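Chemist: What follows is each chain in one-letter form.
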Amino acid sequence: NAGVTQTPKFRILKIGQSMTLQCTQDMNHNYMYWYRQDPGMGLKLIYYSVGAGITDKGEVPNGYNVSRSTTEDFPLRLELAAPSQTSVYFCASSSTGMGPEAFFGQGTRLTVV
Amino acid sequence: EDQVTQSPEALRLQEGESSSLNCSYTVSGLRGLFWYRQDPGKGPEFLFTLYSAGEEKEKERLKATLTKKESFLHITAPKPEDSATYLCAVQRPGYGGSQGNLIFGKGTKLSVKP
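Chains as they are written, first to last, in the numbering used here: chain A, 1 to 113; chain B, 1 to 114.
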């Protein structure tokens, strides 16, 4: 009964480094989302996917990339990390789009120094 | 510009002391309003969906109401386990596919002391 699993839970990156945040769901959901949550701010949508092979930009996509090769996995790639990308990242999945049926992962806390 | 404002930012209550959290919004084409609970170090957990003015939903000590401009989350006789950050989000057309996107407020951090 895993739901949405994110790895790693914590990570410290140096400026200019790259990394991939992993997100896996076992509910066979078509919709998957990446949000970031900055301290004292609301969640912002980075990228989303409506099915395997289909991805699109959200509100704050700059500096990130995604892929969706399978229904289960939706990794988020950070290229050339910057301090502005210090945040908590949440992955979510749903069978019908964002709303009551959406399940969130536990988050990845990323610090760029 | 579409936006969601939650107040207060933080609220401290004694166990049993009822109160309300506010979520005011200005959104074009509102499709729904959602309340989430977020515990420290966890992702948001869905509580309620409200779709039209006048609608009310209840769950244990929580009751959510909706008007054309705002929503309230009423907490009756809270317990320490109700301590969490409560997030409000509105759904509108746009990013996120055919279901639209959620615009989140900054949240209200609720602390209930025994």
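Just so you know, not all the hints are guaranteed correct.
Stated by the list, open to error - Covered, in the sense of this in silico footprint (three residues per stretch, anywhere, with C-beta under 8 Å from a C-beta of chain A), are these stretches of chain B:
hint: 1; segment: 38-44
hint: 2; segment: 103-114
Said to hold, decoys possible - Keeping only pairs whose Cα atoms sit at most 20 Å apart, straight-line, the calculated SDA-like set for lysine to any residue is:
hint: 3; chain 1: B; residue 1: 42; chain 2: A; residue 2: 3
hint: 4; chain 1: A; residue 1: 44; chain 2: B; residue 2: 28
hint: 5; chain 1: B; residue 1: 42; chain 2: A; residue 2: 24
hint: 6; chain 1: B; residue 1: 79; chain 2: B; residue 2: 32
hint: 7; chain 1: B; residue 1: 106; chain 2: A; residue 2: 39
hint: 8; chain 1: A; residue 1: 44; chain 2: B; residue 2: 79
hint: 9; chain 1: B; residue 1: 106; chain 2: A; residue 2: 84
hint: 10; chain 1: B; residue 1: 42; chain 2: A; residue 2: 10
hint: 11; chain 1: B; residue 1: 106; chain 2: A; residue 2: 3
hint: 12; chain 1: A; residue 1: 44; chain 2: B; residue 2: 38
hint: 13; chain 1: A; residue 1: 44; chain 2: B; residue 2: 9
hint: 14; chain 1: A; residue 1: 9; chain 2: B; residue 2: 42
Hints in this document: simulated from the structure, not taken from any laboratory. The structure displayed is predicted, hence computed values, not measured ones. Note that beta-carbon positions come from the ideal geometry of N, C-alpha and C, so glycine has one too.
Chemist: Please go over all the hints and tell whether each is borne out by the structure.
Modeler: Evaluation of the provided hints:
1. 38-44: holds (count 4)
2. 103-114: holds (count 5)
3. B:42 with A:3: With Cα atoms ~13 Å apart, residue 42 of chain B and residue 3 of chain A stay inside 20 Å; holds.
4. A:44 with B:28: 18 Å, holds
5. B:42 with A:24: Satisfied, since the Cα-Cα distance of roughly 16 Å is no more than 20 Å.
6. B:79 with B:32: Given that 20 Å is the threshold and the Cα spacing comes to 28 Å, the pair is violated.
7. B:106 with A:39: 9 Å, holds
8. A:44 with B:79: Between residue 44 of chain A and residue 79 of chain B the Cα gap is close to 31 Å, so the pair fails against 20 Å, i.e. violated.
9. B:106 with A:84: 18 Å, holds
10. B:42 with A:10: 13 Å, holds
11. B:106 with A:3: 25 Å, violated
12. A:44 with B:38: With a Cα-Cα distance of about 15 Å, the restraint between residue 44 of chain A and residue 38 of chain B holds, given a limit of 20 Å.
13. A:44 with B:9: 18 Å, holds
14. A:9 with B:42: 10 Å, holds
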